[in-house]
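Sequence order for the protein chains is A, B and C.
Going by numbering that gives the first Met the number 0, the residue at position 347 of the first sequence is 346; the numbering climbs one at a time, nothing skipped.
Going by numbering that gives the first Met the number 0, the residue at position 520 of the second sequence is 519; the numbering climbs one at a time, nothing skipped.
Going by numbering that gives the first Met the number 0, the residue at position 9 of the third sequence is 8; the numbering climbs one at a time, nothing skipped.
Bear in mind the hints are in silico, worked out from the structure with no lab data behind them.
Listed below are the simulated DSSO-like cross-link pairs for lysine-lysine, each with C-alpha atoms no more than 27 Å apart in a straight line:
#1 A/LYS244 x A/LYS331
#2 A/LYS224 x A/LYS235
#3 A/LYS540 x A/LYS578
#4 C/LYS133 x C/LYS145
#5 C/LYS31 x C/LYS99
#6 A/LYS274 x C/LYS91
#7 C/LYS31 x A/LYS404
#8 A/LYS578 x C/LYS150
#9 A/LYS404 x C/LYS91
#10 C/LYS145 x A/LYS578
#11 A/LYS404 x C/LYS24
Not the full set, but computed from the structure, chain C residues with beta-carbon under 7 Å of chain A:
#12 CYS71
#13 ARG72
#14 VAL75
#15 SER89
#16 ARG104
#17 LEU111
#18 PHE115
#19 LEU116
#20 SER119
#21 ALA188
#22 VAL189
#23 ALA196
#24 THR200
#25 PHE202
#26 THR204
Using N, Cα and C, we set each Cβ at its ideal position, and we do this for glycine too.
The chain contents come next:
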Amino acid sequence: MDIHFTADQPSVEEKAAVDQELGSPETSWDGGRRDVQSDGRVSFGGHDAGSHRHKLLPTLHAVQARIGWISPGAINYISLRLGLPPAEVYGVASFYHLFSLAERPPVVAHVCEDIACMTRGSEEICSKLESTLGPAGKACMVGKAAWLRSPCLGLCERAPAAMVSTSGKSPRERVLAPATAEGVEQLLRDGVDGRLPVEPDELSVKASVPQAASPNLVLLRRVGKASGTSLDEYRKTSGYEALRKAIEMGAEAVVREVIDSKLLGRGGAAFPTGKKWEALMNQRKQGRPHYVICNADESEPGTFKDRVVMEGDPFAVLEGMTIAAVATGAQKGYIYLRGEYPFAAERLTHAIHAARKAGLLGEDILGRGLRFDIELRRGAGAYICGEETALFNSIEGYRGEPRNKPPFPTVAGLFRQPTSVNNVETLVNVPEIIRMGGAAYAKIGAGNSAGYRLWCVCGHVARPGVYETPFGGTLRELIQMAGGVAGNGRLQAVLLGGAAGAFVAPKELDVPLTFEGTRAIGATLGSGVVMLFDDSVDLRKILLRIAQFFRDETCGQCVPCRVGVVRQQETLERLVARKPLGTAGTEVRMLREMGQAMRDASICGLGQTASSALESALNRWSLFS
Amino acid sequence: MILLWGSNARETHPIFFHHLLRGLHNGAKLYAIDPRRTSSAQWADAWLGLDVGTDIALANAMGREIIAAGLEHKWFIEHSTSGFEEYKKHVQKYTLERAERETGVPGEVIRQTAHAYAKAGRAELCWTLGITEHHNAVDNVVSLINLALLTGHVGRYASGVNPLRGQNNVQGGGDMGAIPDRFPGFQHVENDEIRAKYEAAYGRKLDPKKGLNLSDMFEAMEHGTMTCLYVLGENPVDSEADRNRAKRLMGGLEFMVVQDLFYTETAALADVVLPAAAGWCETEGTVTSSERRVQRVRAAVPPPPGVRDDIEIVYDLARRMGHNWGTPKAECIWDEMRQLSPMHGGMSYKRLEELGGIQWPCYDESHPGEIFLHGRLWADPLIGPRAPFSCVEQEGPVDTVDKEYPIRLTTGRRLDSYNTNVQSGRFASPLRREETLDISPEDGTKYGVREGEKVRVSSRRGSVIAPIRFDPGLRPGLAFLTGHFHDQVATNDLTIDAVDPKSGTSEFKATAIRIDKYSAN
Amino acid sequence: MSDLAPKALIPVPRGPVPEAPPPRKRAMMELKIDGQTVSVPEGSTILDAAKKLGIDTPTLCFLDTLTPVNVCRVCVVELEGSRTLVPACSRKAEPGMSIKTDSERVRLSRRLVLEFLASSVDVSTAPQFPGYLKRYAADPERFGAKTETVKQPVKVDNDLYVRDYSKCILCYKCVEACGVDAQNTFAIAVAGRGFAAHISTEFDTPLTDSACVYCGNCIGVCPTGALMFKSEYEMRQAGTWDESRQTQADTICPYCGVGCDLTVHQQDGKIVKITSPLDHSVTHGNLCIKGRFGYRFVEVEAKPKK
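The shape of chain A in the complex, shown without the other chains (with noise of 0.2 Å):
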C-alpha cells in the first residue's frame, strides 16, 4: 500500500529494537538497505503490507522496553517494518497505558491506587511520594526517574503495591509489596543507579496461599514447591499424566468429561467450559485454523489468583491448555498475559521452553502426534483487553476495543476463526478433570457450582491471600479461615467479585458461595475477589474510586461506556461533596438511569457491569441521605 511517513526518523537504538523484534529487513521497500538492482525492478505483496500486523504489540513493547518510550521516528519505523498507517500505529500505542508517546525518564514506578491498596494505606505512600519526588508524572531524580499512579497491580494480598520498571538494552521489572515511599525512592534510585536486579524476585508464596501447607489442596498443591521451575518436578507430581490420558481418550471424550464435569469459566462470566470446547471440536471439519486462548490478562481490581498460579504452577497451565488443544483441534495457543505481571511472564516463558524441549509443545506432542504450540503476549496496561474479544483484536494488532457480539468467539475469534478462550484457573482445573473423571469432579461443590474456586481475600482482613475450596462454602467461613477482619475493626461491606462485582452487607454473610448462591442475593462470584472493608473506611469514596477505575478504564468505543462512565463518576463526585445538582434522590436516580442505559446498551461487559457494585451498595444503605 502507499504509506506516508512524516520526516521524523528513528534512531539507531529504535531501529535496533525494532529489527531485533522483527528480524531484519529483507528490501528496502520494507525498511532495509536499497539495492537498486531489484528494488529498482520489482517489489512484492504490497496489498499484503499489513499481513503482520500480529506482531505489533510485542513491537511496540521493544521499543518501549529499549528506549523508555516511542518516538514519531519509532513509530515511522515499525510502520515501515509492518506495512501499516503511523496514524493507526499510533492509535495502537496510544490505546495503551504502559506505552509512552511522549518522552519520559527511564525508570518509572506504577504505585498502585486502587480499592485494595487504598485500604492499606496507598493514598499515604503517593501523598509522601509527591513531597519528596514531586507529582506524578513529573521526571525527578535528576530527570532519570519518574513515579505514575497506577491501576490495581494484583497483588492485593500484599497491598498496598508498586512495580518499577527501567528501559535500556536489558530493561528490567521488580514489584515490590507491601511498598512504602521509601522503598519505592529506594527502587528508583537503583534503577537510575543500573542496580535493579535482573530477575524479578520471587514473591514469598507464604505471604500469597496462607494454606500452603495443606494437604487438601488440589488447585494450588503446587505452589510454591520446585514443580514451578522444573518439570521433571512437574512430572513427578502427576504433571502431564492427564494430557497423556487425553490425547489417548481422543477429543470427543474429552470435551464430554469436561461437559459432565459441570465445569463453569472462572473468569466471571461463568460459562460452561465444556460448551465451548464442543463448538470448536464440531467445526474443526471446515478445515479453519482454531485457536486456544488463555485469558491470563487479570486486571480485575482485587484479583491476583492466576498470577500466584501462572508464577507457582505454571506447567499446570500449559498442561490445560494443552489438553484444551487435543478437544479443539487447535495447533496455536496464546497466553494473553496482563503486562504488569513480569514474574509471571518470567515463569511462563521458562515453563514454555522447557515443554517445548522436552516435546510437550511442537509438531509432536508426546509423539502421539498431536501438533501444539503456545505464544506468550503480554499486555501493555489496559483492563478491556480481558474482554475476550478486545483480547483478540489487541493480539492482532489493533486497538483492544471489543467487538459487537455475535458472532461469538466460538464462531468467529482471533484472527476470525472458531477460538476458545479460557480463564487461568479454569484451565488449571482441567488436568484434574481428566485425572479424576467428569463425573467425579461434578460432585465435588453444591449444585451447579461444581469444582473447587480460588478466592482473591483482601483488603481488611487478617490473613490475606489466595484461597482455595471446594464450591459449597458461606462467605462467613471463608472469611473465618482467612482470620476474620483484620485488627479491631469491624466489617462494614465485603465487596464480591471485584470492580464489576457487587458489595454485601454484614448480615449477608451467610449467603453460599455459589453461583446460585450469590446470584440470589443480587451479586456474583466474578473473579472469586472477596475484600473486606471495616468501619473505618468511608465506602462513598471508595464508590468513588471504583467509578474512577472505570473511567479510566473504558476503551471509549461506545457511547453509553464512554460518557456513562464520565458522568457517573462526576454525579458520584457531587454526591461525595455534597454538592448534588438538586436533591441527593434526584442524583441516585439519575445514577440509576444511567446505570440501566450502561446495563442495556453497551458493547462488553464493561459497560454492562461498570455501575453494578454503586448499584449493589445504593440498594443495601443509604450512603448519600
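Chain A is fixed; fit chains B and C onto it per the hints.
This is chains B and C only, laid out in the frame that chain A set:
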C-alpha cells in the same frame, strides 16, 4: 486479477482505484507494470519496473510464455480469433531472456506475471497514457489486446481490456464524432451507406474523406495547407509535445478562433476569443465516461455575464452564416444524435435520468445498456467477425538515450493536478508543491546534486531549469516531470513530437535528457 | 490476416446483451417487530427489517456505504431473550426474532445516549440531533454545567478542511471512509482511550504533514459538522451560510474519465459545496480532491495574462 499497465490510477483515477481496492480486499491480485514504483504500484502484489518504451517486448514475452506453458485459451482462440498461428510464430523470438534484457525486469517475474494472468479466473487489463503516449501507441495497445485474446480475458463479466480515460468526456467526444474518420456513434465516414444516412438527415453532401488529427493539423500548418483554426476547449500551446513548434505554427496562422473558459496561452494567440461556459456545471448536456456510461451534466450555477453555452455560440455562428437553427437546446441535439447513432438510440434524457446513466451500446428504449463489450465473441456460433491477433515488434522510443542525453525522462500527473493546470491550478490544494525534476537518490549522488537544488534539464529540443527531488520509486537513469506547471517548468520544451501514425499521439512518455549544474543557485 | 477479421468501415454486429452473474439467492425469513410480522432476506439487519415496516430507527454511526461499527448505540432495540439491548444497525435478523423498538427500556437507553452525547459534544451543526432530542425528550442539561466535554480549539491547518473536534461524537465514520471502506489512505485513526479517545493523525501532526490527500470523503460522512469544508465554515462564521437559499444539482465531474457524480450546492449563484450521492454506483458518495474541491476555476473571471 487486475493488470495495471502504464497507469497510476491511484492518483489519476482515484475513484476507479477505490473499486480496484475493494477488489483487492476481496481477494483479487494486482500486478502493476510501470517504470516508476508509483503509489498504485505500491499496492501491487507484484510491481514490474520495466524500462520506458519496452512494453511490447514484455507483452510479447508474456504471450510467448503463455503459449509455451500451454496456458492459452484454446477454445476461444479457435472459435473467436484470427491470426493466432502467425502470432505464435511472431512471438517465438521474445524469450524471457530477451525480455529481461530489453525491459530490465527479471525473466522469472515476467513468467510469474504471465502465468498469473493466464490462470486467473477473471482478469482486467487496464492501461492509461503509459501505453498510449508513445510513437507506437497503437502497437502497444494491440500487444496488450493480444494477451487478452490469448487468454480469453475479454468479452466476459469482469474480464476485459480497459483503457482508463483521462478526461471526463474524451470518450464522449468520440461518441459525438469528434474523430477525423468517424460520424457520431463511431460510424466510419468512408462507408457510403452510413454517409448517405447522414447526408439524408442533413440535406447536403458530406466529405467522403476522413479529416485530420491534431498531429496532421500541425503538419498541415507546417506545409501551409492549413491557415485557419477553430479551437474549442484545448490548450495546445501548453499541452503539445515540443511546444515551441506548436506555438510557432499557431502563431503563424491567418486566423484562429479560441472558444474556452480561460484565457489560455493558446487564446493569447487567437484573433477571436469566445468565452464559453463550463460544460459540467453551467450547461445542460451529457458526457460519456471511461466505462462508456453516458451521464447527464446539469446547469447548477449560471455562467458569468457575457459567457455563453458552447451550443449557443455555435448556433449564433450558424445564424451569422445564414442558418437559423432555432433555439439551442441540449436535449434536441442529443435526440438528433440518437436517431443517427444506433448505439445511442435508447438513451433518452428520461432514461438517463432514471437509470443514473447508461453504458453504450443501447440500441432502443427497452435495451439496458451493456456492462461490457465483445460478448459476441463467446456466442456460439460466433456473431460477427473474428478478433484478430496482431504481430507487432518491440521498437524503443524515438528519442534515444546516449552519452550526451543519458537519462530517460517520463511524464505523468499528480493527484491534485490536471493537464496544464488551468482548471486545477485555481483551488488552494494543500498537496501542491512546486514542479521538480524527480530522480533517484543514486542519480543525485552521481550528478552531485542535492534535493531542492536547481539544475538545467536539457533535451535535444530545449532546456528548462527545475529543482531536484529524490524519489526512491525511480531507479538510476530514470527521471520524472509532470506537465502541470508550464509557468514553472515548461516540460514540453523538452518532449518530442514523435507521433504515432495511427493515433496521432505524441511520445510524451519518453524523452532523453541530461542534467547540468545550474550556476544561478 | 483472415478475411473474417473486422474491417474498420463496417459496424460490428450486435451481440447478446451481457449480464452480470445473478446475485446469490437469499432465503426469506420472518421475524416480529413491535408485534408486526415482517419477511426479509437472509443477511438483513434488524434495521433493514424495521425500515421495511416503515419504522424510523435513529442512527448516528451507521451509513449504508460503511461497515457498521455499532458504537453510538442510539439504534438499540429490545430483542426477546437477550440480556441486553442489541444494535439494530449491525445485528443480523434471525428467523423468529421478536423485537421491540419503542419499549421503555429502548427509549431510556436512546434518551441517555443522546443526553450523554449532547452533554459532552457541541451538536449545534448536527442535523439529526434536534429531532432525536425532541423525540426522546432528552435533557442534556441535567448533568449540570461542570461536566467534562470534548471542547477544544478548532483545527484549521489547511485551506480545504476545518476540523472542529468539539463537535465529534466519535462515530468512527471518518476513519472508515479514510480507511478500507473507501479511500484507503489511513491518515486518521482513533487514538487515546476512554473519554479522551479521539480522531487523530499520528502524534496529532497537522493534516498538511499527514497522509491526508484531501479527498474530503471524511467530511462527506461526518454526521455532526465536526469536519467541514472551509468554504462552509467561513460562511458560517460570517453568518452568510443559508441553506434555505441553496439549491442542488447533480452533474458529472469535469476532471478524469471515471464519471463521478457531483452534487453541486449553490447559493446566490456561487458553488458553496460539492458532495456526491451515496447511492451512485460509481462514487458511493466518494470523490477525490479534484472533484470535491477543484471547482473554483468557474468562479474566477478570466483575466488576460500579461
